[in-house]
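*Asks:* Using the sequences and the hints given, assemble the complete structure.
Protein chains: 4
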Amino acid sequence: MSEALVIRPLRAEDEADWRRLWTAYLQFYDTTLPEEVFQTAFSRLLEQNNREFQGLIATVDGVAVGLAHFLFHRTLWATTDTCYLMDLFADPNVRGQGVGRALIEGVRQRALAADIPSLYWMTQEFNYPGRTLYDKVAEKTPFIVYEINS
Amino acid sequence: MSEALVIRPLRAEDEADWRRLWTAYLQFYDTTLPEEVFQTAFSRLLEQNNREFQGLIATVDGVAVGLAHFLFHRTLWATTDTCYLMDLFADPNVRGQGVGRALIEGVRQRALAADIPSLYWMTQEFNYPGRTLYDKVAEKTPFIVYEINS
Amino acid sequence: MSEALVIRPLRAEDEADWRRLWTAYLQFYDTTLPEEVFQTAFSRLLEQNNREFQGLIATVDGVAVGLAHFLFHRTLWATTDTCYLMDLFADPNVRGQGVGRALIEGVRQRALAADIPSLYWMTQEFNYPGRTLYDKVAEKTPFIVYEINS
Amino acid sequence: MSEALVIRPLRAEDEADWRRLWTAYLQFYDTTLPEEVFQTAFSRLLEQNNREFQGLIATVDGVAVGLAHFLFHRTLWATTDTCYLMDLFADPNVRGQGVGRALIEGVRQRALAADIPSLYWMTQEFNYPGRTLYDKVAEKTPFIVYEINS
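Chains as they are written, first to last, in numbering that gives the first Met the number 0: chain Z, 0 to 149; chain D, 0 to 149; chain B, 0 to 149; chain V, 0 to 149.
These are computed hints drawn from the structure, not numbers from a lab.
Predicted, not measured: the structure shown is a model, and the values here were computed from it.
Note that beta-carbon positions come from the ideal geometry of N, C-alpha and C, so glycine has one too.
Some clues are possibly wrong.
[As the list claims (entries may be wrong)] Think about it this way: if two alpha-carbon atoms lie no more than 20 Å apart in a straight line, the pair counts; the simulated EDC-like pairs of lysine to aspartate or glutamate are: (1) Z/Lys139 x B/Glu124; (2) D/Lys135 x B/Asp29; (3) D/Lys135 x D/Glu104; (4) Z/Lys139 x V/Glu124; (5) V/Lys135 x B/Glu146; (6) B/Lys139 x B/Glu104; (7) B/Lys135 x D/Asp29; (8) D/Lys139 x Z/Asp29; (9) Z/Lys135 x V/Asp29; (10) D/Lys135 x D/Glu124; (11) V/Lys139 x Z/Glu124; (12) B/Lys139 x B/Asp86; (13) B/Lys139 x V/Glu146; (14) V/Lys135 x V/Glu124; (15) Z/Lys139 x Z/Glu124; (16) D/Lys135 x B/Glu124; (17) V/Lys139 x V/Asp86; (18) B/Lys135 x B/Glu124; (19) B/Lys139 x V/Asp29; (20) B/Lys139 x D/Glu124; (21) B/Lys135 x V/Glu146; (22) V/Lys139 x D/Glu124; (23) Z/Lys139 x Z/Asp86; (24) Z/Lys135 x Z/Asp86; (25) V/Lys135 x V/Asp86; (26) B/Lys135 x B/Asp86; (27) B/Lys139 x V/Glu124; (28) B/Lys135 x B/Glu104; (29) B/Lys135 x D/Glu124; (30) D/Lys135 x Z/Glu146; (31) Z/Lys139 x D/Glu146; (32) V/Lys139 x B/Glu124; (33) D/Lys139 x V/Glu124; (34) V/Lys139 x V/Glu104; (35) V/Lys135 x Z/Glu124; (36) D/Lys139 x D/Asp86.
[What the hints assert, rightly or not] The following label-pair restraints were derived from C-beta to C-beta distances: (37) B/Val136 x Z/Glu51: 48 to 54 Å; (38) Z/Arg100 x B/Asn92: 51 to 57 Å; (39) V/Phe27 x B/Lys139: 17 to 23 Å; (40) Z/Arg100 x V/Ser42: 46 to 52 Å.
*Replies:* Structure representation (structure tokens):
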């Protein structure tokens, strides 16, 4: 991992970088979102509120190269909350330099600081680059996901 | 579906039934939970609070035969929340009578009433009885789940 | 398992039963096959030749209720051959009576009699009734199947 | 793809290269095989017999960098045989240069020359480098594999 890699909370002045990185991430899922969603998301991420999504940004030599969005939420199987890592993105230009791994570790540390011992995320079965990392730092569960969109 | 099947919110007087059903559900996952977790869970479920887990109970001819636990939570990809169905259980003695399907539909209706258009849940890849139902009422996504337990 | 359940090699006089059972099996895969394929298949199955497909039929009280088609073939990782179970079918009317299990065991015994220690088959990920049985009598491998049809 | 990439049938003088490449491939599966299996396998591969495994070797500028082992065998659902690609290996040092793809295409052409229209193989669900290629050149089927080893 580069000495110059920094993981820190998202800040208001990161908006342009954040929009660029999240747009690139959403493209990976063939998704575009309306401006209203970008504004609402960024506003929530800046609240630094344990009941809202929080954001981390990764910089290398001061250049924003990755992001993570996570939410603490209730789980009924424990009295403590759990942490859901919803979005994780590292610029393909810096892949292999530990940015994704450092972002996951950053989220894990923030969860632990809030007394939250578990962290989970979902990924598409065929996300091979992502899974190559996840197999090293996490446990694959036997769970799959069903959904209903009304 | 039986005429006598009723899906309704969990109530304080359901505690004994709820403990029986949830214990049976947790056994399916080879899980036991401490008394503290049962108490905290039941207390939260009774709050009828859109930021906490909510519970539905299914009765047939007045006998409690199933339950569902769900949570509305933020999603960053939309301005509306999403609905996470965490626990779903139908007494094996009433399997095939539409209890599970009615519970999912009950959760879906409560999400819609809160302007929440999407509902999702996780299930183990080898939960064949569950998936037989889920394939009929929902979409299997390509998502799998990773976790870190510190 | 019923006392009256018999597993035996396919015989020429089984043709009508075999056609009925294999047709039902193929329907499960939304498949119909031309008459030429039925004739060639039945002819090969009757050869009792270790280089061709072989067939077993299951009868309960003399009524044909299931079939298995298997092939011994080379594997390069061993000097012995392996056994591929291509088709396995039990009439849905007799499900739960051990017909599928007895057919698998019948194939396994015939492989062992030919000094073939391993038996494998493929099934669709969502074949829940089948997998319920297979999980009890076999090991699920991490292998999935790719194909090219020119 | 390099101009200098050649796909050709395995020959007796390839034995040292073939042993090196197959050993490396088997290491990927944490497998070692006894000398007897190597000898039997190589002997069968040299037979150029449509009822035995056949082998292809890939060379770049005359250096052996990959291999494929395949078997034509009966399928009961058609009057023609099918082609099973059992082993496919490209030296990691030449990954990304089209060696694996050219070997698959070589097998496909040899199957077509024998009037065999279909080609299939199995791979571990978590073989991400392999699947990255397979997703481009083949169809992922919904089939998974069960086995019994007596």
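*Asks:* Hints first: check each against the structure and report whether it holds.
*Replies:* Going through the hints against the structure:
{"no.": "1", "hint": "Z/Lys139 x B/Glu124", "result": "holds, 18 Å"}
{"no.": "2", "hint": "D/Lys135 x B/Asp29", "result": "holds, 18 Å"}
{"no.": "3", "hint": "D/Lys135 x D/Glu104", "result": "holds, 12 Å"}
{"no.": "4", "hint": "Z/Lys139 x V/Glu124", "result": "holds, 12 Å"}
{"no.": "5", "hint": "V/Lys135 x B/Glu146", "result": "holds, 11 Å"}
{"no.": "6", "hint": "B/Lys139 x B/Glu104", "result": "holds, 17 Å"}
{"no.": "7", "hint": "B/Lys135 x D/Asp29", "result": "holds, 18 Å"}
{"no.": "8", "hint": "D/Lys139 x Z/Asp29", "result": "holds, 18 Å"}
{"no.": "9", "hint": "Z/Lys135 x V/Asp29", "result": "holds, 18 Å"}
{"no.": "10", "hint": "D/Lys135 x D/Glu124", "result": "holds, 16 Å"}
{"no.": "11", "hint": "V/Lys139 x Z/Glu124", "result": "holds, 12 Å"}
{"no.": "12", "hint": "B/Lys139 x B/Asp86", "result": "holds, 17 Å"}
{"no.": "13", "hint": "B/Lys139 x V/Glu146", "result": "holds, 7 Å"}
{"no.": "14", "hint": "V/Lys135 x V/Glu124", "result": "holds, 16 Å"}
{"no.": "15", "hint": "Z/Lys139 x Z/Glu124", "result": "holds, 11 Å"}
{"no.": "16", "hint": "D/Lys135 x B/Glu124", "result": "holds, 16 Å"}
{"no.": "17", "hint": "V/Lys139 x V/Asp86", "result": "holds, 17 Å"}
{"no.": "18", "hint": "B/Lys135 x B/Glu124", "result": "holds, 16 Å"}
{"no.": "19", "hint": "B/Lys139 x V/Asp29", "result": "holds, 18 Å"}
{"no.": "20", "hint": "B/Lys139 x D/Glu124", "result": "holds, 12 Å"}
{"no.": "21", "hint": "B/Lys135 x V/Glu146", "result": "holds, 11 Å"}
{"no.": "22", "hint": "V/Lys139 x D/Glu124", "result": "holds, 18 Å"}
{"no.": "23", "hint": "Z/Lys139 x Z/Asp86", "result": "holds, 17 Å"}
{"no.": "24", "hint": "Z/Lys135 x Z/Asp86", "result": "holds, 18 Å"}
{"no.": "25", "hint": "V/Lys135 x V/Asp86", "result": "holds, 18 Å"}
{"no.": "26", "hint": "B/Lys135 x B/Asp86", "result": "holds, 18 Å"}
{"no.": "27", "hint": "B/Lys139 x V/Glu124", "result": "holds, 12 Å"}
{"no.": "28", "hint": "B/Lys135 x B/Glu104", "result": "holds, 12 Å"}
{"no.": "29", "hint": "B/Lys135 x D/Glu124", "result": "holds, 16 Å"}
{"no.": "30", "hint": "D/Lys135 x Z/Glu146", "result": "holds, 11 Å"}
{"no.": "31", "hint": "Z/Lys139 x D/Glu146", "result": "holds, 7 Å"}
{"no.": "32", "hint": "V/Lys139 x B/Glu124", "result": "holds, 12 Å"}
{"no.": "33", "hint": "D/Lys139 x V/Glu124", "result": "holds, 18 Å"}
{"no.": "34", "hint": "V/Lys139 x V/Glu104", "result": "holds, 17 Å"}
{"no.": "35", "hint": "V/Lys135 x Z/Glu124", "result": "holds, 16 Å"}
{"no.": "36", "hint": "D/Lys139 x D/Asp86", "result": "holds, 17 Å"}
{"no.": "37", "hint": "B/Val136 x Z/Glu51: 48 to 54 Å", "result": "holds, 50 Å"}
{"no.": "38", "hint": "Z/Arg100 x B/Asn92: 51 to 57 Å", "result": "holds, 55 Å"}
{"no.": "39", "hint": "V/Phe27 x B/Lys139: 17 to 23 Å", "result": "holds, 21 Å"}
{"no.": "40", "hint": "Z/Arg100 x V/Ser42: 46 to 52 Å", "result": "holds, 47 Å"}
Hint compliance for this structure: no hint is broken.
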